[in-house]
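Asker: The primary structure of each chain is shown beneath.
There are 2 protein chains.
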Amino acid sequence: MGSPTAPRAVVLAGGVGGARFAAGLIQVLPPEQVTVIVNVGDDFTHFGLHISPDLDTVCYTLAGRENPATGWGRADETWHALETVAELGGPTWFRLGDRDLGLHLERTRRLQAGEPLSAVTRAVCRAWGVRATVLPVTDDPVPTVVDTEEHGRLAFQDYFVRLRSRPRVRGFAFQGVERARPAPGVLEALAAAEAVLVAPSNPWVSIDPLLAVPGVRDALASKTVVAVSPLIGGRAVKGPAAKMFAELGIEPSALAVAQHYAGLIQGLVVDESDAALAPRITATTGQAVFITDAWMPTPERRRALAQATWDFAQALRLARSLD
Amino acid sequence: MGSPTAPRAVVLAGGVGGARFAAGLIQVLPPEQVTVIVNVGDDFTHFGLHISPDLDTVCYTLAGRENPATGWGRADETWHALETVAELGGPTWFRLGDRDLGLHLERTRRLQAGEPLSAVTRAVCRAWGVRATVLPVTDDPVPTVVDTEEHGRLAFQDYFVRLRSRPRVRGFAFQGVERARPAPGVLEALAAAEAVLVAPSNPWVSIDPLLAVPGVRDALASKTVVAVSPLIGGRAVKGPAAKMFAELGIEPSALAVAQHYAGLIQGLVVDESDAALAPRITATTGQAVFITDAWMPTPERRRALAQATWDFAQALRLARSLD
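Protein sequences, first through last, are from chains A and B.
Going by our numbering, the first sequence opens with residue 1, and the numbers climb by one from there.
Going by our numbering, the second sequence opens with residue 1001, and the numbers climb by one from there.
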């Protein structure tokens, strides 16, 4: 199984759901054996600063510095910079806390000095004692664009935060992704991993942009890949995933998630409330289904879900090796 | 003397000394009749943000939002963003408070959207109820470079803040100033003013860069111009002015200030402790000298110094008109 610090598990992650699942997994495996590959399609420039919301949420959560109430942003946060912006009539729709701003300042400084995003992320994690490896899927800009009925094409944060995911979506584009290269370490981690776990993140705007980076999907072809459904009882725990399925003409459910990931994953973890869908999932996609409590309100439940998902992936891997 | 809102007085200002003097003057004249033209040679980009230290100090002080202990930065400040930068090993030598950062964020956003610095400054002053007009001397970048014995050419904030003005100076350059244009309103305010008051700011790095903008010195030629000596008893109240004179081979004193401004000003306000220099100042430069208490530790003393300087300028103006 390689050296003790070689990655055994790779997590593909978006923001809050991905961060919480990864936080569970580092209670199951030694953190040094976990690599989290994170979506950067939601990165954007605001006030001249480079902001990486999903990367930040993952780093804050793995560092134990996250705001547990929101899932994003820092614990013990203050809002004085944004109060000044408000006094001056500037935009306050993206909630930048003071402690959070410090990361954006330092990341922007390092990027402008020529460091790639992956190196900045490594330095941030090291400074905060994060022992898992956190990698942006790419160091290249791949901004997600949301095509909407009301406003046409919107930058992701305009859609997601400013307009609170209210516009009806028609589709998504990941600008420049065809020329993007996986960040250093991404393909190596995927090659070395015993299993790849797709976190309960938004399939459309967290996982798809990550899979769209050339080389990533190919690297998964020979791996045991298991996903955790972000939809429970047809609803997203957080965010617009269910709404997006519905607006694209697909009934939102764990079955829809299974079909979305058809050909990519061998197993899907679904919530107990979706147990009745298991036969149809397996019948239509060939995926094995593991039924468990898939809601993660506490660290204990994150750990339990990660443990179940890891064990499920190991069982599938063993079964494949016996075929 | 024109409409009630036409400028009667223009102040040429750097940072703390200029801000405090201007704060005194708006207690003497209606603020609407005061225009403060501010040095921008100390502007720089830090963490990707455009920072205008002198402009900020003037705006904070005129808005009553300044930190009275330091003279720069905001009152009731917190430092959480910079704490994060410190955790991440980034540079903390330039003390950016959280409230202060909000201004840099919003200014950077507006500049990147195409607004000139003068328009941003006007919006900031309006938002904070500053009734005096505050103008950057130019909207163009004119970064001050300090030539030093130990480190050669240094960006101004590297010299001034990071190295705490310790290197020995050999000279100064104002990069790009020959192509800079006065900001909208600068030449108009100078043309309309009854008198121009040079604040007790650093002659080398606050006032000279301002005078170097093409058109500004010419606009002063026909005006009554009075300066307040920033040196009291051969020492600067704040900052490296005295040290700079000495390192350039000039004994620091109110006389040195008078000679520095020879040909530009008709009168110099000096502190009581420098009264003995008055005859030599007048003999060598032809300048009239007004002797008063030139230290401004309180709002009352700022008002008194501004009143004395304004009255002195009016007297000189009357005398010139009678010539």
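Misleading hints may appear alongside valid ones.
[Claimed, not checked] A few chain B residues facing chain A, derived, Cβ under 7 Å:
no., residue
1, Ala1081
2, Arg1099
3, Glu1150
4, Glu1272
5, Ser1273
[What the hints assert, rightly or not] From the derived model, a few chain A residues whose C-beta atoms are all more than 12 Å from chain B:
no., residue
6, Ala86
7, Asp100
8, Gln175
9, Glu178
10, Ile232
11, Leu318
Everything labelled a hint here was simulated from the structure, so no lab data went into it.
All residues carry an ideal CB built from backbone N, CA and C; glycine is no exception.
Asker: For every hint, state whether the structure bears it out.
Answerer: Structure-based check of each hint:
no.	hint	in the structure
1	Ala1081	holds (4 Å)
2	Arg1099	holds (5 Å)
3	Glu1150	violated (24 Å)
4	Glu1272	violated (40 Å)
5	Ser1273	violated (40 Å)
6	Ala86	violated (8 Å)
7	Asp100	violated (8 Å)
8	Gln175	holds (20 Å)
9	Glu178	holds (28 Å)
10	Ile232	holds (34 Å)
11	Leu318	holds (42 Å)
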